[in-house]
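For chain A, the structure is supplied; the task is to place chain B on it using the hints.
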Amino acid sequence: EDQVTQSPEALRLQEGESSSLNCSYTVSGLRGLFWYRQDPGKGPEFLFTLYSAGEEKEKERLKATLTKKESFLHITAPKPEDSATYLCAVQAGAGGTSYGKLTFGQGTILTVHP
Amino acid sequence: NAGVTQTPKFRVLKTGQSMTLLCAQDMNHEYMYWYRQDPGMGLRLIHYSVGEGTTAKGEVPDGYNVSRLKKQNFLLGLESAAPSQTSVYFCASSYSMSRRNTEAFFGQGTRLTVV
Numbered sequence: 001e002d003q004v005t006q007s008p009e010a011l012r013l014q015e016g017e018s019s020s021l022n023c024s025y026t027v028s029g030l031r032g033l034f035w036y037r038q039d040p041g042k043g044p045e046f047l048f049t050l051y052s053a054g055e056e057k058e059k060e061r062l063k064a065t066l067t068k069k070e071s072f073l074h075i076t077a078p079k080p081e082d083s084a085t086y087l088c089a090v091q092a093g094a095g096g097t098s099y100g101k102l103t104f105g106q107g108t109i110l111t112v113h114p
Numbered sequence: 001n002a003g004v005t006q007t008p009k010f011r012v013l014k015t016g017q018s019m020t021l022l023c024a025q026d027m028n029h030e031y032m033y034w035y036r037q038d039p040g041m042g043l044r045l046i047h048y049s050v051g052e053g054t055t056a057k058g059e060v061p062d063g064y065n066v067s068r069l070k071k072q073n074f075l076l077g078l079e080s081a082a083p084s085q086t087s088v089y090f091c092a093s094s095y096s097m098s099r100r101n102t103e104a105f106f107g108q109g110t111r112l113t114v115v
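Chains as they are written, first to last, in the numbering used here: chain A, 1 to 114; chain B, 1 to 115.
Because the hints were derived from the structure by calculation, they are not lab data.
Cβ atoms here follow ideal geometry from the backbone N, Cα and C, with glycine treated the same way.
Some hints here could point you the wrong way.
Unchecked claim - Far from chain A, some chain B residues (derived; all Cβ distances over 10 Å): (1) VAL12; (2) LEU13; (3) LYS14; (4) THR15; (5) SER18; (6) LEU22; (7) MET27; (8) LEU45; (9) TYR64; (10) SER96.
Stated by the list, open to error - Just a sample of chain B residues kept apart from chain A, beta carbon distances all over 12 Å, derived: (11) LEU75; (12) THR113; (13) VAL114; (14) VAL115.
What the hints assert, rightly or not - One side only, chain B facing chain A, incomplete, derived with CB under 7 Å: (15) GLY42; (16) VAL50; (17) PHE90; (18) THR102; (19) PHE106; (20) GLN108; (21) LEU112.
One chain only, chain A, in its complex shape:
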């Protein structure tokens, strides 16, 4: 059974204080690991896809990295508008049998204070 665990559950930062969110996973044949951002009352918004260990992707103040067991979302010099819940999900089935289904972690609630 595929499993995703995110930590911490909640993180409070001061504006400009860099930190990282963790996503640990077990999956049979990883096809992709996805990061989403979710604002209150909204649907998840796609951020990144990582396909193989060692891969990194960046977008503004966010940088996602991937190893064989976990992924990190690094937030550099965060601003209050970065406050949101960050969701990690895995897509299994390197053989194409997963039909795109995602297994999600519970999310990390990030609050950035000015």
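For chain B alone, kept in the frame of chain A given last:
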């Protein structure tokens, strides 16, 4: 280009009532999904479809039915609502696994309360 649109956005049902949630996507995606999100549980897959006329069960399918009569629409039905179905429901769509980019795009959600 609206992406994924869900209707309604909010609904209150009495126990035993039925309702249908509608999802429409305009990205020509092959795959469509229904997830529910509950506090402390994360997003869980209810049902999914890999093409027009096809549906399959996800992780938590009991009490729900789905239909995909047209490629762009995916309907989620509750035949006899129960308080345990109080949740936020999200529809999502993606390209098929034959493509490189298979990220799912989500709708804005439907907040359902069953009393």
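So, going through the hints one by one against the coordinates:
1. VAL12: At roughly 17 Å from the nearest Cβ of chain A, B:VAL12 sits farther out than 10 Å, so the non-interface label holds.
2. LEU13: holds (20 Å)
3. LYS14: Since the minimum Cβ distance to chain A is about 24 Å, B:LYS14 lies beyond 10 Å and the statement holds.
4. THR15: Answer for B:THR15: holds, closest chain A Cβ roughly 25 Å.
5. SER18: Given that every Cβ of chain A is farther than 10 Å from that of B:SER18, nearest at about 24 Å, it holds.
6. LEU22: holds (15 Å)
7. MET27: holds (12 Å)
8. LEU45: violated (6 Å)
9. TYR64: holds (16 Å)
10. SER96: Given a closest Cβ separation of 7 Å, the condition is violated.
11. LEU75: holds (18 Å)
12. THR113: holds (15 Å)
13. VAL114: About 19 Å separates B:VAL114 from the closest Cβ of chain A, which puts it past 12 Å; holds.
14. VAL115: Holds, since 21 Å exceeds 12 Å.
15. GLY42: holds (4 Å)
16. VAL50: At about 5 Å, which falls below the 7 Å cut-off, the nearest Cβ of chain A leaves the hint on B:VAL50 intact, so it holds.
17. PHE90: holds (5 Å)
18. THR102: With Cβ-Cβ at 5 Å, under 7 Å, it holds.
19. PHE106: holds (4 Å)
20. GLN108: holds (5 Å)
21. LEU112: violated (14 Å)
Violated hints, in rising order: 8, 10, 21; the structure is consistent with all others.
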